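Chain by chain, the residues:
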Amino acid sequence: MSGGVPAVRLCHLYPDLMGIYADRGNIAAFRQRLQWRGLALEVVEAGIGDPLPADCHLYYLGGGQDRDQLAAAGDLARKADLLHRVAGDGAVVLGVCGGYQLLSHGYTAADGRRIPGIGLLDADTIADPDRLIGDVVADVTLNGETRTVVGYENHAGRTHLGGGCTPLGRLRKGRGNNGADDCEGAVAGRLVGTYLHGPLLPKNPWMADVLLGWALDHAGSSLDLAPLDDGLERAAHAAAQARAGRKR
Amino acid sequence: MRVPPLPRALVAGAARGAGRLSKRLGQGGGTSIPGLILTRLRPQATAEMALAVPNGVVLVSGTNGKTTTARLVRAALDASGAKVASNTAGANLERGVATALLHADGADVALFEADEAVLPKLIEQTRPRVVTLMNLFRDQLDRFGELEHLADRWQRAVAGLDPSCAVVYNADDPAVAEIAAAHPKTVSYGIDDPRAGRDRLPHAADSNRCRRCGVPLAYDLATIAHLGRWSCPECGLRRVQPDVRATRVELHGLGGQRLSMSTPEGAVELSLRLPGMHNSYNALAATATAWALGLDGEVTGPAMAKREAAFGRAERIQIGAVDVITLLAKNPAGANENLRTMLLEDRSLQSLQARGPGSGATHLQAMQPEDRSLHALVLLNDRTADGQDVSWIWDVDYELLLAGDRLASLTVGGDRAYDMALRFRYAGVDSSKLSVVPGVPAALDAALEAARPAGKLYALPTYTALLELRAVLAGRGLAPAFWEDQ
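Residue numbers (our numbering), protein chains in the order written: chain A, 247 to 494; chain B, 3 to 488.
Simulated from the structure, these hints should not be mistaken for laboratory data.
Nothing false has been slipped in among the hints.
The calculated lysine to any residue pairs, modelled on SDA-like cross-linking and capped at a C-alpha distance of 25 angstroms, are: (1) B:123 <-> A:379; (2) B:435 <-> A:284; (3) B:435 <-> A:480; (4) A:419 <-> B:385; (5) A:325 <-> B:215; (6) A:419 <-> B:387; (7) A:325 <-> B:217; (8) B:435 <-> A:282; (9) B:123 <-> A:377; (10) A:325 <-> B:216; (11) B:435 <-> A:474; (12) B:435 <-> A:270; (13) B:435 <-> A:478; (14) B:123 <-> A:356; (15) B:435 <-> A:476; (16) B:435 <-> A:283; (17) B:308 <-> B:265; (18) B:123 <-> A:357; (19) A:419 <-> B:386.
One-sided excerpt, in silico: chain A residues whose CB lies under 7 angstroms from chain B: (20) 271; (21) 274; (22) 313; (23) 444.
Listed next, with one range per pair, are the computed distances between beta-carbon atoms: (24) A:362 <-> B:447: 52 to 58 angstroms; (25) B:478 <-> A:477: 30 to 36 angstroms; (26) B:346 <-> A:466: 44 to 50 angstroms; (27) B:323 <-> A:488: 33 to 39 angstroms.
Just so you know, these numbers come straight off a predicted model, no measurement behind them.
Heads up, the beta-carbon is just placed ideally off N, CA and C, and yes, glycines get one too.
Bound-form chain A, shown alone (with noise of 0.2 angstroms):
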């Protein structure tokens, strides 16, 4: 670990279950950006039988296969009551592909089975056969602020939100939440989810800070995010941007 002014503690949610579309990219998003500030990231690691430390800024949760879903899934249901508490009193949740079924009401599985969620997010999926695979550009507002969010979709569920949250983004292209209302992710204040993967944060340095913002808002900190060379960021943006637009 590096030095700098510890600022922002991460709570990682079964990272050895949950974490097949590079997930570590998004926590390394998250510890870079800080680190070029001269801040620091704590990251906690809370798998299957581990406590769930109460005083994190962010909680992150990833993706996995069905069956590690399943596995991370009964213990989640454990520890749900302590994160509607800290998403209550203002702790940021993401939730990438997995996670965010995971965030939701639940997922019922090909086979109909159900994997249930710890419901903070009001969204409900069901897998259908054809899964949903390749480059997404959504519009994304967050913080009153409208911006192009590129990545990668890979998922079999077909997500639908109830009243508690709105749509993250507005496809540009891919299939989003559901392949048919043109919707990606989910958002209730502070609580994001998303099937954008790729990873999500390197290549979307916006929201990146967005929500390293709204942490150390909740860290009650008054440290300032200043701006950053992002000149390989937008790069990068451009391109994937440019190559989804060959598509489809």
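We have chain A already, so just place chain B on it with the hints.
This is chain B only, laid out in the frame that chain A set:
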């Protein structure tokens, strides 16, 4: 209206002609087109041709190592005097196998490396005599779906095998072992050298839960990713003592290795020109396959020992003043082994230097201080054979390149050069050392230029980037084209 299938001889002739045409037009080596045409016109052709091979078909499959293992088995078969039909150029889909069978006239036995997703279909079509199941690692998530779905398909395919077929399998891969153990006739292999292990599973371990009961597996020896000596604390399922096992693995950097093996026929010593522990597994797989085929170990061992690395698998090519070492990096498990092999090579140099001035080793004091700077070219493509989802690069331990502050230049290229650049930026690589050059020929030139003072460049391409790199080198008269590779 149903069209009756065309007669085989007619279709086969046309398909062979198309292959020659493809080669002449510079579209490739004609390793796939004839088979594609043939199977379109006569779907049952593969099964018919396979049946006609007198000593049957051998299929070698797994995420990593199938090309190298098939080459080693090929060397063993050649040494035994058999006439072999095979798809050695890595054309491992149905069409590649059909193409190889088209040219199998007069062959005694057919040996095919099989893409892991296509294996079930090829088992059905070729009714093999031996199937070698090597490993299942996470690879191409967009194409194969999730790993466990692929494992389920393998399980159904193995259940459909004729009981007389021998299944050769890697006992150290828990998913593969569970699938294979259900078959009545098996030969297992694995590594039993405690010094070969690491104390804990690496983060890129994919299959670390029991397929039967879902609980995390325990390991008393972890070798590569999720491979090792595993057991399930819940249901008691555990790795068997392999029939062919490495009792000692001695790695010599990029130069190769020495393996001490215990086989049903007794102890075998094998020196290989192939580096890294992934190649220890390949050699074990090949030895076990040769044994399952009834080949004489006295003859086949020396033949395997002579085999060089397959193209792009730790292959060295001199370009001007620069020694270019190419290591295929197509998924986390394979790429991590390659990085480790490459740094092991450099570490042995380092320890040599550390014993230099002041340590009393006077004969080393006369040595010129070697340029220890590290130069790398990383090429990332996202075509069908690479997988369109490039998430996997975040599970490769590229951070190893930063150890010891030796990284002097890093050139990234390929279709997804910017994704690769971000991977390194977020690993903490200084932007002054990082160049993004999307085209493969230009990226190679930039990397060679940067590496000239050190005289050594490591190239880490994905599969199709390797084909591009090879085409560039072939165009400059520096390497044979990929289809000429044996």
